[in-house]
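Visitor: As a plain string of letters, each chain reads:
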Amino acid sequence: MASIRLKAEPKAITLEEFGRDVARRIESAGEPQVPRNSGTRRTASKRALLKAIEAAGGKW
Amino acid sequence: MTSPYRPEFEAGLAALARVAERMKAQGCLPPVLVGGGAVEIYSNSAIITGDFDVSTARQDLFEEALREEGFVRPSGPGKATRGWIHPELKLGFEVVSDQLLDGNAERDRVRRISIGDAGDITVISVEDMIADRMGQYASGTAREMLDQAKALFRLYPDADRDYMERRIREETAGDYGIDTLES
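Keeping their order, the protein sequence lines are chains A and B. Going by my numbering, the letters in the first sequence line up with residues 1 to 60, in that order. Going by my numbering, the letters in the second sequence line up with residues 61 to 243, in that order.
It cannot be assumed that every hint is accurate.
As the list claims (entries may be wrong) - Straight line, CA to CA, 30 angstroms or less: simulated DSS-like cross-link-like pairs of lysine-lysine: (1) B/K150 with A/K59; (2) B/K84 with A/K11; (3) B/K150 with B/K84; (4) A/K51 with B/K150.
What the hints assert, rightly or not - Distance ranges between label pairs, derived from CB positions: (5) A/Q33 with B/Q86: 33 to 43 angstroms; (6) A/S28 with B/G130: 35 to 45 angstroms; (7) A/G39 with B/R172: 23 to 33 angstroms; (8) B/P67 with A/T43: 27 to 37 angstroms; (9) B/A219 with A/E17: 17 to 27 angstroms; (10) B/G234 with A/T14: 21 to 31 angstroms; (11) B/D162 with A/G39: 18 to 28 angstroms; (12) A/A44 with B/Q159: 16 to 26 angstroms; (13) B/G136 with A/G30: 42 to 52 angstroms; (14) A/D21 with B/Y223: 17 to 27 angstroms; (15) A/S45 with B/G130: 19 to 29 angstroms; (16) A/E17 with B/R229: 26 to 36 angstroms; (17) A/Q33 with B/R221: 18 to 28 angstroms; (18) B/R229 with A/R42: 18 to 28 angstroms.
As the list claims (entries may be wrong) - Examples of chain A residues toward chain B, derived with CB under 8 angstroms: (19) L15; (20) V22; (21) A23; (22) I53.
No lab work stands behind these hints, which were simulated from the structure alone. All C-beta atoms, glycine included, are put in the ideal place defined by N, C-alpha and C.
All chains should be modelled from the sequences, with the hints used to inform the complete structure.
Guide: As structure tokens, this is what we get:
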């Protein structure tokens, strides 16, 4: 059986480090506004999933 | 220092990390976080997302691992979805593709982020995320995606411009490029 050789994944950084880097970027860029998705491109499956999350009490 | 991300989002990332570690142990590439979840991570929850979109060639193993994590597929009238929800975490996952942006994104560019003891997650590159937003904008059905792309572009001035230019052109059938983000 042929073996599958997986490429080495990039080195991981911690979520805390990553978040600190993003915070520096936000400050440096003058806190650009990131608009929410309008939802106009949602598939029926996505709409059903979000509805189910809402029904479970999820909020976003 | 504590994480700048909201706890619900971190709980989702931890679940994704556990699923990814399980898949890696099975000899598979880990799933890649794409979509709104990736934008949330690249913007410190400037936008919040209710569900996590992932790309994986092994949807079967991904969903098996989700089940092990306590996720269920909603069922019943009006609930036909390919997604999975966790009743206690109150969040969902959905496999949206089996190849990263239809195979056009370079897999080697993904970011790997450690979520503590849960393991690591893999996130689509910011260049590909911007190109994806531009592709949605170019479709004419999601005007706000241009502003998302512009905001990410401002946050990541050190992104690979050559790669991003090529990817935006690919995602927009040649209609847009970096110049649109700079205007």
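Visitor: For each hint, tell me whether it holds in the structure or not.
Guide: Now the hints, each set against the structure:
Of the pairs offered as hints, the one joining B/K150 and A/K59 holds, with about 8 angstroms between alpha carbons and a cut-off of 30 angstroms not exceeded. Under the criterion of a C-alpha separation no larger than 30 angstroms, the hint pairing B/K84 with A/K11 is consistent with the structure, at around 15 angstroms. Of the pairs offered as hints, the one joining B/K150 and B/K84 holds, with about 25 angstroms between alpha carbons and a cut-off of 30 angstroms not exceeded. For the suggested pair A/K51 and B/K150, the alpha carbons sit about 11 angstroms apart, so the restraint of at most 30 angstroms is met.
At about 41 angstroms, the CB distance of A/Q33 to B/Q86 agrees with the hint of 33 to 43 angstroms. At about 40 angstroms, the CB distance of A/S28 to B/G130 agrees with the hint of 35 to 45 angstroms. Separated by about 30 angstroms at the C-beta atoms, A/G39 and B/R172 satisfy the suggested range of 23 to 33 angstroms. Checked against the given bound of 27 to 37 angstroms, the beta carbons of B/P67 and A/T43, roughly 28 angstroms apart, stay inside it.
Separated by about 18 angstroms at the C-beta atoms, B/A219 and A/E17 satisfy the suggested range of 17 to 27 angstroms. Separated by about 39 angstroms at the C-beta atoms, B/G234 and A/T14 break the suggested range of 21 to 31 angstroms. With their beta carbons about 22 angstroms apart, B/D162 and A/G39 fall inside the hinted range of 18 to 28 angstroms. Taken as a hint, the range 16 to 26 angstroms holds for the pair A/A44 and B/Q159, whose Cβ atoms sit roughly 22 angstroms apart.
The hinted window of 42 to 52 angstroms between B/G136 and A/G30 holds, with their beta carbons roughly 47 angstroms apart. Between A/D21 and B/Y223 the beta carbons are some 20 angstroms apart, a value that agrees with the proposed interval 17 to 27 angstroms. Separated by about 21 angstroms at the C-beta atoms, A/S45 and B/G130 satisfy the suggested range of 19 to 29 angstroms. Checked against the hint of 26 to 36 angstroms, the pair A/E17 and B/R229 passes, with Cβ atoms roughly 32 angstroms apart.
Between A/Q33 and B/R221 the beta carbons are some 23 angstroms apart, a value that agrees with the proposed interval 18 to 28 angstroms. Evaluation of the 18 to 28 angstroms hint for B/R229 and A/R42 yields a pass: the beta carbon distance comes to about 26 angstroms. With a cut of 8 angstroms, the hint placing A/L15 at the interface with chain B holds, because the nearest CB-to-CB distance is about 5 angstroms. Given the 8 angstroms rule on beta carbons, the hint for A/V22 holds: about 5 angstroms separates it from the nearest Cβ of chain B.
For A/A23, the suggested interface contact is upheld, since its CB lies about 6 angstroms from the closest CB of chain B, less than 8 angstroms. Hint status for A/I53 relative to chain B: holds, with the closest Cβ pair at about 5 angstroms, below 8 angstroms.
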